[in-house]
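There are 2 protein chains.
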Amino acid sequence: MSTRPHLEAARALIGAPGSRRNIPTPAAVLDLDAFDKNLARMALRAKAAGLALRPHAKSHKCSWIAKRQIAAGAVGVCCAKLAEAEALAAAGIGAIHVTSPIAGEAPAQRAAALARSLADFRIVIDHPDGAAELGAAALSPIQVLIDVDVGTGRTGVSGIEPALEVARTIAAQPNLRLIGVQGYGGHWQHMEGANARASATAGGMARLSAVISALRNAGAEIRVVTGGGTGTFEADAAQGVLNEVQPGSYAFMDREYREALKSDPDGEFEQSLTIAATVISVNHPRWVTLDAGLKAFSTDGPPPVPATAKFAGCGYRFFGDEHGLLMRPDGGTVGRGERVELVPGHIDPTMDRYDVLWLVRGDVLEDVVPIEARGASQ
Amino acid sequence: MSTRPHLEAARALIGAPGSRRNIPTPAAVLDLDAFDKNLARMALRAKAAGLALRPHAKSHKCSWIAKRQIAAGAVGVCCAKLAEAEALAAAGIGAIHVTSPIAGEAPAQRAAALARSLADFRIVIDHPDGAAELGAAALSPIQVLIDVDVGTGRTGVSGIEPALEVARTIAAQPNLRLIGVQGYGGHWQHMEGANARASATAGGMARLSAVISALRNAGAEIRVVTGGGTGTFEADAAQGVLNEVQPGSYAFMDREYREALKSDPDGEFEQSLTIAATVISVNHPRWVTLDAGLKAFSTDGPPPVPATAKFAGCGYRFFGDEHGLLMRPDGGTVGRGERVELVPGHIDPTMDRYDVLWLVRGDVLEDVVPIEARGASQ
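So the sequence lines, in the order shown, correspond to chains A and B. Each step along the first sequence adds one to the number in my numbering, with nothing skipped, and position 269 is 269. Each step along the second sequence adds one to the number in my numbering, with nothing skipped, and position 256 is 256.
Quick caveat, the hints were computed from the structure, so don't treat them as lab data. It cannot be assumed that every hint is accurate.
[Said to hold, decoys possible] Here are a few chain A residues that face chain B, going by a calculated C-beta distance under 10 Å:
hint : residue
1    : 4
2    : 9
3    : 11
4    : 59
5    : 300
6    : 362
7    : 364
For each residue, glycine too, the CB sits at the ideal point set by N, CA and C.
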């Protein structure tokens, strides 16, 4: 018996009229018309701003998306973790920047192996011991960047002196090449209002600029200044500290971003990704039960909302691990087997649940592609 | 390049002293001593109560666990969805009861295929159209149970008349065999206090009993009465309506169950499953940063708590998709690369993130097994 017979059977739907409604659910569904527009729009914004575009693959985990982003002008992708980078490298992505520091000998050896096998591999460092570990593992040159804490307190050196110390340790390692710095303010991305995001970003970018000046004064070559996300693109472009940006969610969008960014230029992307669900029980007078619950969506953001017109405004509530409750539309009947597509609350941890992405145009399934780095958080 | 080099490399750790601390993180780690005790204890409770034990595989998704449960006396397992059943069937599990109704022709055909290939397959139905669909797809006899809503309003027939109607539709399908009923109160499982759970369960079981009587009076053979979970075992055993129970979390436990069940007999299971994480950044004076965040744990339950003694009482907070914040222990230093194991808030959607389960005894890694039905919610 096959391990996933429903996937094999569903490939037969490709190209059939109405096949979008026959995808086995729950499923991550990508509307290609909206996705194409999002890719083109971000490429245009980056080009107009003179910024290198390196989209973050932690949002999608999928080589097909990464290849489309690179074809649309991206210089490569970012990965959050080594395993994510390894999975995308195995699928043919040759330009990867790892945005989280690593710790320990085994991860250092994995990073060194990636550097040997990829045309363009880079990784951030935020501690002298991290530089020493990676230097010891490096059998060939590795491009590294100093990760600078711009106010989140999550990763990164905390200021000028620690940055200089990391730079000295890097310089002492024959196979490490310092090429730049990273400053990423994750907590700025979902602030409501372009002005609030710009003002928070300005404070962080001032810290980053001070570190860059000190490193340059100490003789370091800082060629790449990378950071930023979907929510701070306008601010990053205006402030001019970064020369490379790492947005991820723009390709898909989600409820959290839609509500924070509204009609700001940063929010002018279409909802291309939905989670398709099926009504599997209709016995309650006030609601119906969907086959998509806590395992189908992340719950850290706002709850999903229906994208299917018939269910517009109908509230969704998690109904255990496997199910969701969807209020019945006023005056309408709902049948067993009916399909509902929903906008997820937060895209990154939602996409990370799915093994495949269903590509649709209009009501036709065009292809099914693997999400190779799903679950690759190691 | 391999798609998951860290997994291949880590298999070399098996049997090495201290290897538990070298598992690539984030990782789902099963303490076999605690797990063995949990399995033995539940087997004993079920035997003493005269209840057939059919553990729910939606908690673990893993054939290795299912086989151990069956070896310890379980009559088979439950699966929430067809894809979960298909994955476990492909891995050699022969006795599967599907606990959610399905809707549509394609799912009915998948259920029929499972019935043909398994020694003991069963599925629930909660609507006459579901019986008609499954009957039309059935090329050989299929065992079915009527799912009865015992108060959750999620799935199940809403009372006696709808139950009789479903029974009549089943009887009209030559290849459907009605063998029993299911009544599961998911919302009862986490109520605090054995008395509260017993009282809620009693109300639901009264509804179930009324349906059973009506079905028997109408000539139906109701051999199997299945339901229940880890939290209501004592109540289910005392009330005597069910003759088969479906607990899942007892094998692992989680923070949500620990806090609701405390030292009730229902809660006398050990925490066998932890999520291992690594400290990857130590630059902040008040906290350190772990490599386990929103993608490593479900967030619907309470936040994870450290199980590692050094970090006892240190608060964990989600720090974005990829990271967690862990407060520093009083007076202790924390090094980059240090390991922390954490008790997850809610086990089922947490396990559903991981491709493999790391089996440890003491500080030694004994084996790594696949979680075959991870993500199989279709």
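So which hints don't hold here, by number, going up? Numbers 3, 6 and 7 - these are the hints that the structure violates, sorted from lowest upward.
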